[in-house]
Amino acid sequence: MRILFLKEIREALASRRFWVILALCLVLIPLGVEVSLKDYQTRLQNYREAVRLYQDATKKVQDVLYLQGAKAFAPPSPLSFVSLGLELVLPNIAETPAGRTDPPVAMRLGNNQGRDNLYEFFYGPLDLIFIVGVVMSFLAVILTYGAISGEKEQGTLRQVLSNSVPRAKIILAKATANGLVLIIPFLLALTLSLTVLEVQGSPLSALGGAWTSIGLAVLICVFFIGAFFNLGLLVSALTKQAVPALITLLLAWVFLYGVYPRLSSAAAQILYPVKSEARLALEKAQVRRDVEKERDAEIQKVAQTMPQDWKSEAFKEGREKQDEIRGRYQARLEESWRTLERDVEERRKSRNALTANIARLSPVSSFVRPLAELSRTGWLEYEQFNSGVRQYEAVLNRDIFNKQRVTRTPRGISFSNEADPNAPAPVFAYAPTPQESLVRNVLPDVVLLLVANLIFFAGAFVVFLRYDPR
Amino acid sequence: MFKILFSKEIAENIHNYRFLLALLLCLVIIPIGFTVSQKDYADRRQVYDETVRDYEQTRATMIDLIRNGGAAFRPPSPLGLLSGGVEMVLPNSVETRGYFSEEGTEVTFNNTRRLDTPFTSLFGRLDLTFIVTTVMAVLVMIFTFNAVAGEKERRTLAQVMANPVPRPMVITAKMAAGSSLLATAYLAGTAAGILLTVALGLNPLAQKGTLAPFAIAIGASLAFLLVLYNLGLLISGLTRSSVSAMVALLSVWVALAMILPKGSVVAAKFLLPVKSQQVVDLEKNQARLQIQRELYAELDKLTKSTPGIKDMSMDEYFKQSRAKSPAIEAFEKSQNKVKGEFKARTDAALDKINADFERQRGGQAALARNIARLSPVSCLVHIMAELAGTGFVEESRWMETRSRFKQMLDRDIASKQRAYTFKDISYSGRSDDINYKAPAPKLPAEPVPLEKRLAAVWVDLVLLAIYGLLFFAGAYVVFLRYDVR
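Going down the list, the protein sequences come from chains A and B.
Mapping of the first sequence onto our numbering: residues 12 to 481, in sequence order.
Mapping of the second sequence onto our numbering: residues 286 to 770, in sequence order.
It should be emphasised that the hints constitute simulated quantities derived from the structure, not laboratory data.
Stretch-level coverage of chain A by chain B, calculated; a stretch enters the list once three of its residues show a Cβ under 8 Å from a Cβ in chain B:
(1) 254-263
(2) 292-303
(3) 370-384
Where a beta carbon is used, it is the ideal one built from N, C-alpha and C, also for glycine.
Working from the sequences, and respecting the hints, build out all of it.
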């Protein structure tokens, strides 16, 4: 076994392939990490500047009410060099409208980073997920397509098998040696990049559990490269010549990397339709209008009976009655909105789970999604931000917007807000997704990738054992 | 002679199942891609139509618009099946809340699509651009990698050359036959896609003005396939074995389709850094608040220096105001003059910030785009996105729409609002020149004319032609210089 292993290693090291892989890894990975990090630093600077400018201008409740509105910001993720994921798409800012608004005020989620990074969105980022997903998986294919089929074609396999060498040892030696040729340059380049990152003053220390995420991400990357490597071995064992093996692998790559994940997302949309955000907004607006129409009709009746003198008891009584009506209708509106939102949220959650499960049949999907989650640029991070925003929204409504008092009189309408205008404005506190949730979320994908490796390798092993050299 | 060579190449590609494979893939993937994109479009279009209808019903008159705020909506692109482009991050609408003030209308973009399809954003869309630049590109590699190198390996090329066959004819026949077969498979897939969508009631060409851009996009993608085909022939001619040709082709494709375009953005950001929109918006707000503070100080000075007004009590002031006292009217007029001056100052300051930002941003974008144009893949991707109405021209159009929407509301409503200040109290004046019962102004969506979209991509179209010629010339020369010994 040792001799076979050394033969394969020597062969791999002597070939130009190893050095090309090493050079590619040493150029692309540090470049990708450096570039993504620089990009992250720009986004971080912009985020800090935005928060500073907002906090300078919004110190008191009156600033929220009359000038800026309230805003909540989510910082960019320092792990975006692993995967930029959905960072340019999913919301990273929430804001209430500036100026007077009827309660309950709903914070609107937005993300204007898309416009800042329009070309990046268009072409895709140069993050680790791209380097591993495209470059390393291609290298795995190039390294393996001829590993067995090439030897069959050249007739060298027949010679090797004519000696008293157990077949299992041959394939194990091939897999281990070629696997190391692929993985060592990758790990070397990644270690170098992370060391440079640390020397430069790593932004990762600010994020709790960042190194756990990186460790898991590296494991997923290794399993992913391994899956394509073992698939390569399997296809190589199944074919008699190198060229058909390469073509089959190329088509498999296109299907697994490009077509299948896209199809899974489309299939889930068709199988499990969910109301779009635009429809939800439309329905919420319609509900609000209906509720307010009824409310205003009831208030109008009270207003018509009220005297002009605002100091009179009858006026005060009328105003209290109006407050009670407004409170009642506001509760009804909030309940209707909650029902609509809950329904969409639940269906969306189920649809996302369905998409993830369909997509998991391809090792690519078990690689892309978990890496985005671990980088805190995925759906979990959005859910975390959204839940923080909803809590902040509740505080804003409770402390500021619900204190608005609107009184309708036969002559017109008057607005006042009873919140203390000089009280400090509530501040949004960002909390990142807990590390345990991330780990729990990606574990099934780690297991699936491992299973894919085992299945492909077992396939290659069995086919090789059953190979008839005649 | 050419006919014989052409037929031989056609027969070879049919016998080795490559054409069948290409045809099968095109007939499956293109119709699925079209159907998925059109279904998504139909759903979004329905919501768009309902939203616009709802808006028009609830904003019939000027008073409705003033109370509820206004919006202009961007319809989804009917040709999104060509390219998803940057549509996901484009706004769905530009909006303003009600309660307009004389300071000007505050308008914001709104995007409601971000949460709808996170996995599509993560994995990408199955649009025609992806199919052409990835699936078809791989098919081109499979067609070309051994077109010359394989014949060298099998020594059949030497046999062919031993006959009195002109070499230019051999390479031209290879190019013409292979690319015709690929084009046939591609066109068959596209036709099947159209037929399927028509059968499902999702015809992408039903909307007016979609046929011409669709036809140009198909033409451009055929030209792109020819460019790649010629590149494949060139690389196949340069290498001695099929496997080396395939590995080289794969590497060149990854570099052209992925690394170069991504690298162009990196280089442009590094060479020409630009602030973020968020920071610019906040800077604008800060500039506005600073001028507003100065305005309040100026108004305070005016109150304290106007004879007859400065010593007036609050009750007396409003009593005289209701009685339409000439002194109060003159004071309000003076306030209007001061406010007019400050408004002009604010507008100038904001315009300057905007113009600086857009200039820097435009410079960065132009640099990224020009570097990316070194790759024919980027050229095609841009052509498809602009023709689909999901590209950068559409984004610029929406920046213009935002300005037009703001100007419209400023002209019809905000500029007619009057607010005055006396000591610490602000009060509204009369806006007699607004006809509250008049129909509310509207800004219907106007698609970008085809000429404008073509103007944005003509360089890419020309570049595709140049790349095609260059690669073919390269393949031709290499083939002519090939030493059969």
